[in-house]
Amino acid sequence: MVLNIEQDHLRFREIVRGRIKQDLKKYISNSEMIGRKGKDFVSIPVPQIELPNFRFGSPQGGVGQGDEGDLNGTGQAGNSPGAHILEVDLSMDELAQIMGEELELPRIEPKGTDRITTVKDKYSQVSRTGPESLRHFKRTYRQALRRQIASGTYNSSNPCIVPIHEDKRFLSWKTKPRPESSALIVYMMDVSGSMGDEQKEIVRTTSFWIDTWIRAHYKGVQTRFIIHDAVAQEVDRETFFHTRESGGTVISSAYELCGRIIGEEYPEDQWNVYVFHFSDGDNWSGGDTGRCVELLKGTILPRVNLFGYGQVDSTYGSGQFVRELETVVAEEDKLVTSCIEGKDDIFKTIKDFLGKGK
Amino acid sequence: MEILTSPLTVRTLSPELEGMRKKIEVWAREYGLDFYETIFEVLDYGEMNMVAAYGGFPNRYPHWKFGMEYERLTKSYAYGLHKIYEMVINNDPCYAYLLECNHNVDQKLVMAHVYGHCDFFKNNIWFSKTNRKMMDTMANHATKVRKTIDRHGLEAVEAFLDRCLSLEDLIDRHSMFIQRHRKEHEPQTEQNGLSKISSSEYMDGYINPPEVLAREKLRNEQDRRRRKHFPEEPARDILLFLLEHAPLEDWQQDILSMIRDEAYYFAPQAQTKIMNEGWATYWHAKIMTEKALTDMEVIDFADHHSGTVAMHPGQLNPYKLGFELWKDIEDRWNKGKFGKEYDQCDDWMTKRNWDTNVGLGKQKLFETRRVHNDITFIDAFFNEEFCHVHKFFIYAYNADRGGYEVADRDWRSVKQKILAGLTNFGQPVIQVVDANFENRGELLLEHKHDGADLRLDYARDTLENIFHLWTRPVHIKTVVEGKEKLLGYDGESHLERIADA
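One line per chain: the protein sequences are Y and E, in this order.
Heads up: the first sequence begins at 375 in our numbering, then just goes up one per residue.
Heads up: the second sequence begins at 895 in our numbering, then just goes up one per residue.
Keep in mind that the hints were calculated from the coordinates and are not lab data.
Wrong hints could be hidden among the right ones.
Below, computed lysine-lysine pairings styled on BS3-like, alpha-carbon distance capped at 30 Å [stated by the list, open to error]:
hint	chain 1	residue 1	chain 2	residue 2
1	E	Lys959	Y	Lys717
2	E	Lys969	Y	Lys593
3	Y	Lys717	E	Lys969
4	E	Lys1027	Y	Lys550
5	Y	Lys722	E	Lys1285
6	E	Lys916	Y	Lys722
7	Y	Lys512	E	Lys1180
8	E	Lys1027	E	Lys977
9	E	Lys977	Y	Lys548
10	E	Lys916	E	Lys1027
11	E	Lys969	Y	Lys548
12	Y	Lys512	E	Lys1027
13	E	Lys1285	Y	Lys512
14	E	Lys969	Y	Lys512
15	Y	Lys494	Y	Lys548
Pair by pair, the computed Cβ-Cβ distance ranges are [as the list claims (entries may be wrong)]:
hint	chain 1	residue 1	chain 2	residue 2	range
16	E	Asp1304	Y	Glu540	48 to 58 Å
17	Y	Gln471	E	Leu1048	44 to 54 Å
18	E	Glu1390	Y	His616	32 to 42 Å
19	Y	Ser531	E	Ala1033	33 to 43 Å
20	Y	Glu506	E	Asn1318	36 to 46 Å
21	Y	Arg481	E	Arg1303	37 to 47 Å
22	E	Glu1390	Y	Gly716	29 to 39 Å
23	E	Arg1264	Y	Glu506	32 to 42 Å
24	E	Gly1297	Y	Glu475	34 to 44 Å
25	E	Thr1365	Y	Glu572	31 to 41 Å
26	Y	Gln471	E	Lys1245	50 to 60 Å
27	Y	Ser531	E	Asn1017	35 to 45 Å
28	E	Ser1022	Y	Glu540	39 to 49 Å
For glycine and all other residues, C-beta sits at the position ideal for the given N, C-alpha and C.
Starting from the given sequences, assemble the full structure and let the hints guide the process.
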């Protein structure tokens, strides 16, 4: 008996990724991977395609059971038609792991000879010995109940469970090594008039995933943000994603600032440096592009683990810059370029950037 | 995600499990359950997800929707959201699957649960017309679609399948049990098409009373007028209507009829979800607690069972509702809590302590499982006391507070709400009323509006799909925000206008 689910699954994945059957795209309930982002958790909607049929419009409430409080936390009506988005809550570590599996990313090997690792305790196990303060109530209760039933001392009309020493279970820890090395991520973005909201959204999503992945591999991660139009300035995260300037684009100004930050504040032997630059590829003049290549080769590339350049497709940009950089790529394996045509390309770009395991 | 590359390996039961199975089967029969031979197979979780994605059948036609379901199941299993414990197929013999990594106590529970389902499949009247060799039929469908793909190409066949699947709800779930179409009235043509009995003149007024003749004449007239109209009576089985009258190619007809067969096969399962799950839960609880459990398994059983019948916020758990109703029925008929005298008693304490010791519970259980479906089941047995004891309520969205809240606890409203959700499975009632609309061979559908509007964007896309089968413009009469509207699609653009009566 042979099952053909792999073919069906592959076909489904291709539809979701928008490679085939574009007409079904509008029925995909969620094509983006980040749903809600809470404090430590993110929700990932699992994509579903719903073929159209005759169905009712607005949700109509429903029937529940229990006391008043039992309704709390109900996000959606149970029998509301059309609400089929399945959301999964995950911690950031799990998320990084899943992303790594989905995109088949290699683990990052921190550079430098002294790969110091520290150990960290995780309370993830149960043992028979331990301090009272770590007693696992549920397991202890179960053990005691099991023993009393087995020994016939359980009285169902007076279900009083008394644990003895052997019943007790305690939380226990496992020691896990964690890398000690630190990383710096510098994000640079072109905020000239030609970068619209859609382009910024793409940059935001891409940087979220890059953050998630790199943070999973280093103990301390610092992020710095640089925006530039004709001049560059360092800003905080909030400003980075929400500034909109007009005016021209001089990319070398940002590279200059970036080179200075790395050179002055982050000693080479202690930091793994990652630099990502997003732009629509429209630089002021060819002369400036030459200067950029010079700065890259001279000050930035020797210091970084990885330099990623993402070119976001926009209606205004000429997209020339990436072609200039590609001539450098051939010589420098630390430089990665990627073109992002739309939201669907985000994963491809992340794979381009992080697929080298640096 | 892990993708399984090995073909499905079917494992028969280990001697230990087979021993348990035999015992449980004997107990189930002793309790009076009656089922086809049931074959259990053991699968690992990857295989279980595959089979579940295919709706329980190992061989289905190729389509991405199964891949989608597989991904959903695999992801939610991997993230610990849920786990499929059991799966059982309505077939003769019944097939049921056990999850390899389950503990023995879970396997016992699942077996007992499965025998409950098998009994229900075999004996509930709504399942009586289902294809009991569906395992083979599904495999044939798969082969047929694969051959069609070889001949006409994946793109064309898949696009057609998508269209059919978008329409698969448009069947008439009761058509197997009732005569929808009036038997053709054969007019005995003698004089003027009237069935006049020849008689001598002086008796004629008595033997052929004029008013009878007049009535017959009228009826013939109506018949004639009706026949001009096509379809003569509104057709609920839209898939059948398209099969018979749409200009489809042979392979398209094959596929549409296949989708329709499968929709009819699955329909009774949706029609009896509450009863069927409740019934299986009732029997696993009974068999486990009275026979199969060992002392050391009690806790795990209780843990698992309470998980099965737990109510989650905002959802009506069919296992729980069904289970409680079955227990309530048994209790009421054991104590004689039914009939005129009981119904008319309005003293709450007397009603509560009512016990005539008639002991009809078991008989009533088996009778109910034979003749009811979810709608009649709820209608007959969901009463005030039950609603009160189990604290049911209606919730509704409160726009001012921006959340859902309890709106009503009156048992009549709750019952009404549950029944409304079950009527036509919470889907709108749609039928074909005219296949020669405006005398241009266009198709007119009608939505029987009962208070809730259609979701318009989906309705328009569905119209497009019907258009591609019918190949002439398609319209649907519905109500949008209180106004009668006619939505239409003519192959190029969507039309919307006020419907004239």
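Next item on the list: Hint by hint, work out which the structure violates, then give me just those numbers in ascending order.
Entry: 4, 5, 6, 12, 17, 19, 20, 21, 23 and 28
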